[in-house]
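Student: Sequence:
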Amino acid sequence: MYFDKFIGIDWSGDKNNFQKGISVAECIKGNKVPQIVKPLDHKYWTRTTLIEWLYKEIKSQRNLIGFDFAFSYPFYDRCCYFPGIKDSPINSEKLWKLIEDNNTNAKNFYGGEIWANKTYGKFFNSPKLKGSHFASRRRCTERLAKKKILSPSPTFNCVGPGAVGTGTLAGMRILNLLKNKTKIWPFDELNFSTKTVVVEIFPSYYFRLSKIKPEKKVGYTIENINKSLEFFNSKPLKKNQIIGGPDQDDADSIISSAALRFLSTDKKIWNVPNSSKKEGWIFGV
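Residue numbering for the sequence shown follows this note's numbering, beginning at 42 and increasing consecutively.
Fair warning: there could be bad hints in the mix.
Unchecked claim - Taking lysine-lysine pairs in the DSSO-like style, the calculated list, with each CA pair at most 27 Å apart, reads:
1) 268 to 187
2) 188 to 319
3) 46 to 100
4) 79 to 236
5) 135 to 163
Just so you know, these hints were derived from the structure itself, not from any lab.
All chains should be modelled from the sequences, with the hints used to inform the complete structure.
Tutor: Right, dumping it as structure tokens:
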């Protein structure tokens, strides 16, 4: 696949008006270091303004865009997204539509309204309650990621430090919106005429792939980030670069952008199991 720009997005599913945890970095072909992209009119992104910005990018060039949230839920462990539910979605596209339909009154692509649904809310560990059907389930790509390096937190968990589920819910609303405007990998078939592709990323996996771990009480230092960038054939950050975000989110978006550029040239990366059509796949695993 051929792309002009590689965009890494560290995501946030919170309910606030502005998402302090969203960080966007982009790089172009070659080896120039990724640059942080700031919103035009405000200090922080919202999910809405981010999508508006992406629409403009999609129209202008060929993009590989990575979002840091799970694109689907586990299916093959129980042969179903929501076991025991008669109308449980049969594929990811119908799953995204289900999440959207249960959040139509929620602004800024927030996804937590589904927790109030009597049928589906019981599958989540949410701020409202720990559902009776909640389980720490894993997708095929997550099990393989753990076997190789590191696995994300379970996608149905929406509470505590590992609360990736809230971001996933908001993200599925985004995918439901983007599905007719871009190709979403690995669900859609790709070809050389494909202009923009959206993929699932896992920044911590890319750091570990390059043998870099966050330091205790410090996190990622410029030196460590630059070592990881070197692994992904990227020029380094300047020593005075400020790494912003509540959880050093800029580090995640920067390394994801560089990893997307580096990994996308490997044909094997794009060749993933058929199970990914229902569960999605982390790019690079």
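Student: Hints broken by the structure, by number, lowest first?
Tutor: No numbers; nothing is violated.
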